[in-house]
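Work out the full structure: start from the sequences and follow the hints.
There are 2 protein chains.
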Amino acid sequence: MSDTTLIDIKEEILSENRELANQLRSELESRRVFLVNLMSSPGSGKTSLILQTLSHLQPSYRMAVIEGDVDSAVDAERVTKEGFPAIQLKTGGSCHLTAAMVEKGLQALPLDSLDLLFVENIGNLICPVSSDTGANLNVAMTSVPEGDDKPLKYPRIFQASDAFLVNKTDVADHFDFDVAEFRRRVRRLNRDAPVFEVSCKTGQGIVEWCAWLRGRIEGHG
Amino acid sequence: MSDTTLIDIKEEILSENRELANQLRSELESRRVFLVNLMSSPGSGKTSLILQTLSHLQPSYRMAVIEGDVDSAVDAERVTKEGFPAIQLKTGGSCHLTAAMVEKGLQALPLDSLDLLFVENIGNLICPVSSDTGANLNVAMTSVPEGDDKPLKYPRIFQASDAFLVNKTDVADHFDFDVAEFRRRVRRLNRDAPVFEVSCKTGQGIVEWCAWLRGRIEGHG
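So the protein lines, in turn, are chains A and Y.
The first sequence maps to residues 190 to 410 in my numbering.
The second sequence maps to residues 190 to 410 in my numbering.
Treat the hints with caution; some may be incorrect.
Treat identical chains as interchangeable: a pair holds within one or across any two.
What the hints assert, rightly or not - Capping the alpha-carbon separation at 25 Å, the derived lysine to any residue pairs in SDA-like fashion look like this:
| id | residue 1 | residue 2 |
| --- | --- | --- |
| 1 | K390 | V368 |
| 2 | K199 | K279 |
| 3 | K270 | F364 |
| 4 | K270 | R374 |
| 5 | K293 | E218 |
| 6 | K270 | E370 |
These are computed hints drawn from the structure, not numbers from a lab.
Have a look at this one:
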């Protein structure tokens, strides 16, 4: 079997996925639901960011979350406990969410009574980038303990996302994370996307991030 | 195109990879080189652990490192700066190292003057697990800031590895990482593999980890 065969099949799958993602986007637009796809390494704090954001943006929007994980339902349980609707998708072995998986999540949610929906992707800086989820906005997060070299090692996610967050700024004194250097590295890959420094523990930076997100939602509608 | 076609091709690729990995293992054994494959999330501290280990185990062994990243050569540069031979593999888009990639690294190293070789896999808790690198030992690392729930979310890497490290114990006071709970979660998935708590910053736990690793190398030879 040649490599070419694999690449063709991969391209076919990606193209089918893009088509379904475009359908989901149209469907969500007709129902006036804005979809945000959040990506990061394992343990950067995606669920914490989503909870901070939901808490900050209510009651302006009616919101829900689709949680993606290889296994377990701990993230959806955290969201539900805070009073927001959440669907847990378990991917088994899959390293990223596909549009077909997101579609299953959408079918389980009351879309007509929602304005804003978060998809928390699988913890992975590589695979989710190639797979359109149907989102209106792709957001990538990293965190201070992971180091400031992620744009060098995982350029594609920094090229392809609409906004970036650096989480866990509350522990900045304990790690060598050069924020200015990180920003320069991001800027070399992405001319426009804003970078927000946040702490989901203390709430630092959440106001700025939510103001920007609100602008994108309102600008879209 | 049905899903079945994809699964067959994936299985064929994995089977070809296993065959090459077995060949590499035989070849390395005949040259008495012990190969360790290190896996973790992005930014858990793989390169720091390798540097601590090399520093601790010299001059008992002659050692080198094969660094895997989607892009950049920053990790290999760090290792070379400390005086050890290092090869950087850039995978382009690939989310894990294959035996064929490791083979390319081996071809660039003076195997007859080496005893111990580390492969630093791509920062990813999912994809590297399925792809045998030819290693004698598979080691998975996580870190305190990532949280103690990784065994729940990424069970396969905890089932498939021979040892586990929890890095960044020096910042344990700043995070809610329940080590006892983490150990219980690991144990449910893996009956035998030891768990080492380390700080690659302070050196805590490195002696214990290296003593165990030395035992595995000597036991193997």
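Now for the hints, and whether the structure bears them out:
In this assembly of identical chains, K390 and V368 lie within 25 Å of each other by CA distance both inside one copy and across copies; the values are 19 Å within and 20 Å between. For the identical chains of this complex, K199 and K279 are neighbours both inside a copy (22 Å) and across copies (21 Å), given an alpha-carbon limit of 25 Å. For the identical chains of this complex, K270 and F364 are inter-copy neighbours only, at 21 Å across copies versus 32 Å inside a copy, given an alpha-carbon limit of 25 Å. In this assembly of identical chains, K270 and R374 lie within 25 Å of each other by CA distance solely across copies; the values are 22 Å between and 38 Å within a copy.
Taking CA atoms no more than 25 Å apart as the test, K293 paired with E218 passes inside one copy only; the shortest distance there is 17 Å, against 48 Å between copies. Taking the closest pair of Cα atoms, K270 and E370 come within 25 Å of each other only across two copies (21 Å); inside a single copy the shortest separation is 38 Å, beyond that limit.
Going through the hint list in order, the structure satisfies each hint without exception.
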